[in-house]
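**Q** Spelled out, the chains give:
There are 2 protein chains.
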Amino acid sequence: MIVDKMTVIGLGLIGGSICSAVKKYGLAGEVVGFDTDSGAREYAEKNGFVDNCLESLNQKNDSGLVVVATYVDRIAETVREIAPYLNKGCIITDVGSVKLDVVESVESFLDRDLIFIGSHPIAGSEKPGIENSDPNLFKSCNAIITPSENTDEEFIDFISNFWRAIGSDVVRMDPALHDKIFAYVSHLPHVAAYALVNTLSSSDIENIFSYSGGGLKDYTRIASSSPEMWKTIFMQNKESLLECIRNFKNNLELIESAIEEENLNNLQAILEKAQKNKLSQ
Amino acid sequence: MIVDKMTVIGLGLIGGSICSAVKKYGLAGEVVGFDTDSGAREYAEKNGFVDNCLESLNQKNDSGLVVVATYVDRIAETVREIAPYLNKGCIITDVGSVKLDVVESVESFLDRDLIFIGSHPIAGSEKPGIENSDPNLFKSCNAIITPSENTDEEFIDFISNFWRAIGSDVVRMDPALHDKIFAYVSHLPHVAAYALVNTLSSSDIENIFSYSGGGLKDYTRIASSSPEMWKTIFMQNKESLLECIRNFKNNLELIESAIEEENLNNLQAILEKAQKNKLSQ
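If you read the protein sequences in the order shown, they are chains A and B.
Using the working numbering, the first residue of the first sequence is number 786, and each one after it goes up by one.
Using the working numbering, the first residue of the second sequence is number 786, and each one after it goes up by one.
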């Protein structure tokens, strides 16, 4: 057990999986849940993911750990809402896919007797919702934490131990660098998949998705991810993501030009460069 | 057994898998192989994929079926090379991912006493070469055939039976429509994956591929496909593919603009459209 009581706000896939992992490994004496959706609260209670659910965040809360697992556009506001009701020394973290805005925003208003350390567990699925929760979701995945320069090491250790206890490797990272990296490795691939699927569906070919050629299934799977969630991620990481999209368009145009000009040497070099990068992983 | 003797030209992943499937199901009395690479020929002989290999295509060949499994830019020339040595009534097919150029080209020079029917089995792997062959590669996949209007039904039946005998469902299609469809469902996804991987590697982030966020692995896998093969596919399907790339760039720009303008409603609608298309499959 690492904490007497903890609160998980946002009982979706990630929040629900955190609850069930905490229960599985016995990490908290009591797990309290909250979600604006009463169906998610009921599911969490009925299935033993939580001991009980809050009806509202505006009530005294003596948790030692609060995990905010809402969409990224709601994290800072959620922390602002619950903060006045928390005990001194409570550690707050989140699970958002974008970090800089949240970290800067929370640090701008949070009382010094509460501690916020941003987290981003690199785990998920196209299938959202608490009903797809899995206590093993975080096993063998990286959990990135983005403490600020002023964060005490003891709190960093606490959060690190929490993620390790549910199976993750902890990676410490600057929030701005985090956002730049994940614009490239996660947000851009999602933009590309959404755009590709829409390209196919705007063609005049009937039942085009029934011709599943090489690789198409991966794109349609990625593009089946929640629009509500990804919309907020894209917006929160606007500047980094726009830079990625511009670079992606440039790289597309390099291929387009090589094909247009029938420049086989150039085309071969471009494709080889991509293939080599895969092989060097 | 559906033929006394057959020749497979091009002993790569597809050619090798065809040989091993034909052997597995006993479809030919004798299987003869050819490849310009002596290593592939030796591998095929040693592993019993073929009964023997030709040293050259320029020798009398009494096969009833010839399968050309070279890269798409070599198919028509290969047919032109072997045709003078084949017996009247020999049926020739191929396995190329692009059909119109090959079909038109072969029909322009082929003697009337030989029969060419284009094929495209929708099967493959990022791992090329005869050493990755699999007799079950064509099981439960579609084999598209693109006979011309003048092709006798008896020959279409023969080729259809051949693909069915190694486990595929046969789909008959106009070669131009085939190329348009596969530009969208296969060639464009490969272009996008190559461009995306190159976008990441041209960023200034060290070891960027070690941060495997959601979906990235699918792209790197697709982009690990053979540059030599895909270069020729892209070039053979130039016009259809360039149209797809233009449409893809437009769809990317719709997302880019929505993010830039912080138009959440529009962004939501775009992502929902993509998600729905997946769901309607």
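It should be emphasised that the hints constitute simulated quantities derived from the structure, not laboratory data.
Take these hints with a grain of salt, some might be off.
[Stated by the list, open to error] Taking beta-carbon pairs under 8 Å as the criterion, some of the chain A residues facing chain B (in silico): (1) 812; (2) 898; (3) 899; (4) 969; (5) 1004; (6) 1036.
[Said to hold, decoys possible] As a list, the in silico SDA-like pairs of lysine to any residue whose alpha-carbon atoms are at most 20 Å apart: (7) 1023/B with 934/B; (8) 1002/A with 822/B; (9) 1061/B with 1049/A; (10) 790/B with 858/B; (11) 1061/A with 941/B; (12) 1023/A with 1048/B; (13) 1002/A with 927/B; (14) 1034/B with 1045/A; (15) 1058/A with 1003/B; (16) 1061/B with 910/A; (17) 790/A with 836/A; (18) 790/A with 912/A; (19) 1061/A with 1023/B; (20) 1002/A with 911/A; (21) 790/B with 927/B; (22) 912/B with 1058/B; (23) 1002/A with 790/B; (24) 912/B with 1028/A; (25) 924/B with 936/B; (26) 1002/B with 911/A; (27) 1023/B with 927/B; (28) 1034/B with 937/A; (29) 912/A with 1058/B; (30) 1023/B with 925/B; (31) 790/A with 874/A; (32) 1002/A with 1057/B; (33) 1002/B with 1023/A; (34) 1061/A with 997/B.
Remember, it's a predicted structure, so these values are computed and weren't measured experimentally.
Backbone N, C-alpha and C fix where the C-beta goes; we use that ideal spot for every residue, glycine too.
**Q** State for each hint whether it applies.
**A** Hint-by-hint comparison with the structure:
no.: 1; hint: 812; verdict: violated (26 Å)
no.: 2; hint: 898; verdict: violated (34 Å)
no.: 3; hint: 899; verdict: violated (30 Å)
no.: 4; hint: 969; verdict: holds (5 Å)
no.: 5; hint: 1004; verdict: holds (6 Å)
no.: 6; hint: 1036; verdict: holds (4 Å)
no.: 7; hint: 1023/B with 934/B; verdict: violated (24 Å)
no.: 8; hint: 1002/A with 822/B; verdict: violated (33 Å)
no.: 9; hint: 1061/B with 1049/A; verdict: violated (38 Å)
no.: 10; hint: 790/B with 858/B; verdict: violated (26 Å)
no.: 11; hint: 1061/A with 941/B; verdict: violated (41 Å)
no.: 12; hint: 1023/A with 1048/B; verdict: holds (12 Å)
no.: 13; hint: 1002/A with 927/B; verdict: holds (15 Å)
no.: 14; hint: 1034/B with 1045/A; verdict: holds (15 Å)
no.: 15; hint: 1058/A with 1003/B; verdict: holds (17 Å)
no.: 16; hint: 1061/B with 910/A; verdict: holds (17 Å)
no.: 17; hint: 790/A with 836/A; verdict: holds (10 Å)
no.: 18; hint: 790/A with 912/A; verdict: violated (29 Å)
no.: 19; hint: 1061/A with 1023/B; verdict: violated (24 Å)
no.: 20; hint: 1002/A with 911/A; verdict: holds (13 Å)
no.: 21; hint: 790/B with 927/B; verdict: violated (25 Å)
no.: 22; hint: 912/B with 1058/B; verdict: violated (33 Å)
no.: 23; hint: 1002/A with 790/B; verdict: violated (37 Å)
no.: 24; hint: 912/B with 1028/A; verdict: violated (33 Å)
no.: 25; hint: 924/B with 936/B; verdict: violated (26 Å)
no.: 26; hint: 1002/B with 911/A; verdict: holds (15 Å)
no.: 27; hint: 1023/B with 927/B; verdict: violated (24 Å)
no.: 28; hint: 1034/B with 937/A; verdict: violated (47 Å)
no.: 29; hint: 912/A with 1058/B; verdict: holds (17 Å)
no.: 30; hint: 1023/B with 925/B; verdict: violated (29 Å)
no.: 31; hint: 790/A with 874/A; verdict: holds (13 Å)
no.: 32; hint: 1002/A with 1057/B; verdict: holds (17 Å)
no.: 33; hint: 1002/B with 1023/A; verdict: violated (23 Å)
no.: 34; hint: 1061/A with 997/B; verdict: holds (16 Å)
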